[in-house]
Amino acid sequence: MLDLSASEVWFVTGSQHLYGPDTLSTVARNSTEIAAALDAASTIPVRIVVKPVLTGSDEVRALVMEANASPACVGLITWMHTFSPAKMWIAGLRALQRPLLHLHTQYNREIPWDGIDMDYMNLHQAAHGDREFGFIAARMRLERKVVVGHWSDAQVKERIGAWTRAACARHDWERLRIARFGENMREVAVTDGDKVEAQRRLGFSINGYGVGDLVAVVEDASDAEVDQLVATYVDEYEVAAPLCPGGERASELRDGARIELGLRRFLGDGGFGAFTTTFEDLHGLTQLPGLAVQRLMRDGYGFGAEGDWKTAAMVRAMKVMSAGLPGGVSFMEDYTYHLAPDGDLALGAHMLEVCESIAAGRPKLEIHPLSIGGKADPVRLVFDAHPGTAVAASLTDMGQRFRLLASVVDVVAPLRPLPRLPVARAMWRPRPDLATAATAWIHAGGSHHTALGFAVTPEQLADFAAMSGVEFLVIDETTTVDAFRDRLRWNDLYYLLSRGL
Numbered sequence: 001m002l003d004l005s006a007s008e009v010w011f012v013t014g015s016q017h018l019y020g021p022d023t024l025s026t027v028a029r030n031s032t033e034i035a036a037a038l039d040a041a042s043t044i045p046v047r048i049v050v051k052p053v054l055t056g057s058d059e060v061r062a063l064v065m066e067a068n069a070s071p072a073c074v075g076l077i078t079w080m081h082t083f084s085p086a087k088m089w090i091a092g093l094r095a096l097q098r099p100l101l102h103l104h105t106q107y108n109r110e111i112p113w114d115g116i117d118m119d120y121m122n123l124h125q126a127a128h129g130d131r132e133f134g135f136i137a138a139r140m141r142l143e144r145k146v147v148v149g150h151w152s153d154a155q156v157k158e159r160i161g162a163w164t165r166a167a168c169a170r171h172d173w174e175r176l177r178i179a180r181f182g183e184n185m186r187e188v189a190v191t192d193g194d195k196v197e198a199q200r201r202l203g204f205s206i207n208g209y210g211v212g213d214l215v216a217v218v219e220d221a222s223d224a225e226v227d228q229l230v231a232t233y234v235d236e237y238e239v240a241a242p243l244c245p246g247g248e249r250a251s252e253l254r255d256g257a258r259i260e261l262g263l264r265r266f267l268g269d270g271g272f273g274a275f276t277t278t279f280e281d282l283h284g285l286t287q288l289p290g291l292a293v294q295r296l297m298r299d300g301y302g303f304g305a306e307g308d309w310k311t312a313a314m315v316r317a318m319k320v321m322s323a324g325l326p327g328g329v330s331f332m333e334d335y336t337y338h339l340a341p342d343g344d345l346a347l348g349a350h351m352l353e354v355c356e357s358i359a360a361g362r363p364k365l366e367i368h369p370l371s372i373g374g375k376a377d378p379v380r381l382v383f384d385a386h387p388g389t390a391v392a393a394s395l396t397d398m399g400q401r402f403r404l405l406a407s408v409v410d411v412v413a414p415l416r417p418l419p420r421l422p423v424a425r426a427m428w429r430p431r432p433d434l435a436t437a438a439t440a441w442i443h444a445g446g447s448h449h450t451a452l453g454f455a456v457t458p459e460q461l462a463d464f465a466a467m468s469g470v471e472f473l474v475i476d477e478t479t480t481v482d483a484f485r486d487r488l489r490w491n492d493l494y495y496l497l498s499r500g501l
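Heads up, the sequence shown stops at 501 in the working numbering, and the numbers go up one at a time, no gaps.
Please keep in mind that the hints were generated in silico from the structure rather than gathered at the bench.
Certain hints may be false.
With beta-carbon atoms standing in for the labels, derived distance ranges [unchecked claim]:
1) 216 x 241: 48 to 54 Å
2) 175 x 458: 22 to 28 Å
3) 482 x 32: 47 to 53 Å
4) 499 x 209: 43 to 49 Å
5) 414 x 269: 25 to 31 Å
Where is the CB? At the ideal position from N, CA and C, for every residue including glycine.
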């Protein structure tokens, strides 16, 4: 399971020697107190590590180089307690390779009306010290998050916590390895893309492996390992009687277990955090991996079907962002619509691979025919997704840039049972409505594959896109088609011109 508690965000305070050693000592104490309060906040999943107060250019650059080299550091929070001349930050900010959050706060919440004097003013001057820092960041066109408010406020801590989750996902992408078993589904455009450019811009690597390489590991799984995993299935799921030990189809569940064991071993030994499969390349496998994929996603792996490595990367990123939070994240596909006078709905599903982390109850483990792939009937978990607000996100390659598109949806229980649909599924109402959301999605070139996450917010995805240098568009309750299309046109112009800025 994913754990963000070992990740660090460094709390960096700027000042200068103009105010004397006593003031700098107070600044250091105040900074330590603020960092400790943020570190203790339940809404911030990473460690907040206070660093010495910075007063000169060499100190700034040295700290930035240390942060760049640290495997634990996922970002910096900067705060100018006093006035910190911004030229001293230029060299360090130019070298910075970690996400940056500018916290515009001050140590004291309120003005001490009866006691305020110039000593107080010289110490508590973030109101203009942070503007000096803001100018140099703007002049350098430095991508950063700005959070304003008192450091003790719950909303400030929540926004910082959300940003740290995005920073952890960005850090994970820089090291992420994606394994592709087989190629993309033939002739499909949106799931393909420039893998070299993705590694150059986004960090993760994508490499292909023959299905035979996986089959060799699958076949190495011992009968004892299979027995143990089947017992886990019986314990965790409502297993259809024919699949239970001694049932007439028990051997097919054992095949599914053997595939899971092989996939886990292959991905674990190779240090992979995400993977893809395709039903068009199953040579040597007895069935299309379904149950195995569902369980691997539950444990934090990213996944994309039909070779869709971009969605695999997004599922992984959203898994990292929401680590430790309820709700779940899954690979998803817009499948079919319910267009009715009482309200339009979308039904999302896939052939097999929907993550059990979004299940409303105890999943059923079943086996049914699959008309695609030409293999034996695959085992899979069947369930309905739990209700709640979620975000469906799609990463696409637009040629000159990558685009991250997010749609806010309200997942609802199916209006009626679906007894003849033997797959996991989710039904939702897009905001503001299906017609507007689908129109905007299609104009933006969004994929039919998405990463569906309940604990991930549009603000987090916007932060993540900014950190990654990716265009971001959101479809929500405020969206209108005309304004959205104008945004697409302005974005095209911006990304064309920004190459020369």
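Now the hints, each set against the structure:
1. 216 x 241: 48 to 54 Å: violated, 33 Å
2. 175 x 458: 22 to 28 Å: Holds - the Cβ-Cβ distance for residue 175 and residue 458, about 26 Å, lies within 22 to 28 Å.
3. 482 x 32: 47 to 53 Å: holds, 51 Å
4. 499 x 209: 43 to 49 Å: violated, 35 Å
5. 414 x 269: 25 to 31 Å: With Cβ atoms ~40 Å apart, the hint is violated.
Violated hints, in rising order: 1, 4, 5; the structure is consistent with all others.
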